[in-house]
Amino acid sequence: ASVPKIVEALAERFGLAVVSNTHQPGLVTDQLAAMGIADRFEAVITSVELGRRKPHPIIYAEALTRLGITAANAVFVGDTYLPDYTGPQALGITAYLIDPGQQHDLPAEQRLRSLADLPERLGVGTPAGDHSAPRLGHRG
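Each position in the sequence shown, counted from 1, maps to that position plus 3 in this note's numbering.
Treat each hint with caution, since some may be false.
The following label-pair restraints were derived from C-beta to C-beta distances [to be verified]:
#1 I61 / A4: 12 to 22 Å
#2 E123 / G54: 34 to 44 Å
#3 E112 / E52: 26 to 36 Å
#4 R116 / P7: 12 to 22 Å
#5 D82 / A14: 17 to 27 Å
#6 L53 / G95: 15 to 25 Å
#7 E123 / T83: 14 to 24 Å
#8 L30 / H59: 31 to 41 Å
#9 A4 / A37: 11 to 21 Å
#10 V51 / V6: 20 to 30 Å
#11 A36 / R69: 26 to 36 Å
#12 T89 / A119: 19 to 29 Å
#13 A46 / P7: 14 to 24 Å
#14 D82 / K8: 10 to 20 Å
Hints in this document: simulated from the structure, not taken from any laboratory. Where is the CB? At the ideal position from N, CA and C, for every residue including glycine.
The task is simple: from the sequences and hints, build the whole structure.
Put into C-alpha cells, the structure is as follows:
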C-alpha cells in the first residue's frame, strides 16, 4: 500500500501528527501537501519551530499536547533509533521502529519492515465487531 493510503486508513481511526527534525520551515507541510495528505494530520511539529531536535522530550510533549492525548495513549513511528524509538519510549510512548534490516536490538513486536506493517499492528482493518484493537489516540 502507498503511504497516502496507509495515512488515510490510520486517520479514519486515530489522530495523527508528524514530528520531524528539520532546518527548513515549511518543508514538512509542503511534502505532506504534495502527497495530498496534509489535511489528515492534526499537527505538524518541527525542530525548527520548537528550537529543539528529537530526542529532546519537549518535541514529543508538544505532539501529545496538540493531539490532546497522554503518552500512554500515543504511538510513535519512525526510522531512526535514538530520535524515533528511544526518545519517545523515555516518555512512556509506545514506539515502533521501521528497521527492515534488523539493525537495532528491539523487541520483534516493535519492529516494522515498512510503514505498511503499522495498520495491522494497530488493529486497523480488523473485522467489524472485533474490539481487541488498540484504541491509541482513537477518534471515538
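Results of checking the hints against the structure:
I61 and A4 have their C-beta atoms about 33 Å apart, which leaves the hinted 12 to 22 Å range violated. The given range of 34 to 44 Å is respected by E123 and G54, whose C-beta atoms sit roughly 37 Å from each other. Distance hint for E112 and E52: a CB-CB separation of about 32 Å, consistent with the stated range 26 to 36 Å. For R116 and P7, the hinted distance range of 12 to 22 Å is satisfied, since their beta carbons lie about 19 Å from each other.
The hint said 17 to 27 Å for the Cβ distance between D82 and A14, and at roughly 20 Å that hint holds. For L53 paired with G95, a C-beta distance near 20 Å keeps the hint of 15 to 25 Å intact. Range check, E123 to T83: about 22 Å between beta-carbon atoms, so the 14 to 24 Å window is met. Between L30 and H59 the beta carbons are some 19 Å apart, a value that contradicts the proposed interval 31 to 41 Å.
Checking the proposed 11 to 21 Å range against A4 and A37 shows it holds: the Cβ atoms sit about 18 Å from each other. Checked against the hint of 20 to 30 Å, the C-beta distance between V51 and V6 comes to roughly 23 Å, which is consistent with it. A hinted range of 26 to 36 Å for the beta carbons of A36 and R69 is inconsistent with their spacing of about 19 Å. For T89 paired with A119, a C-beta distance near 23 Å keeps the hint of 19 to 29 Å intact.
A C-beta distance of roughly 18 Å is found between A46 and P7, which places it inside the suggested range of 14 to 24 Å. Taking 10 to 20 Å as the suggested C-beta distance range, the pair D82 and K8 conforms, at roughly 19 Å.
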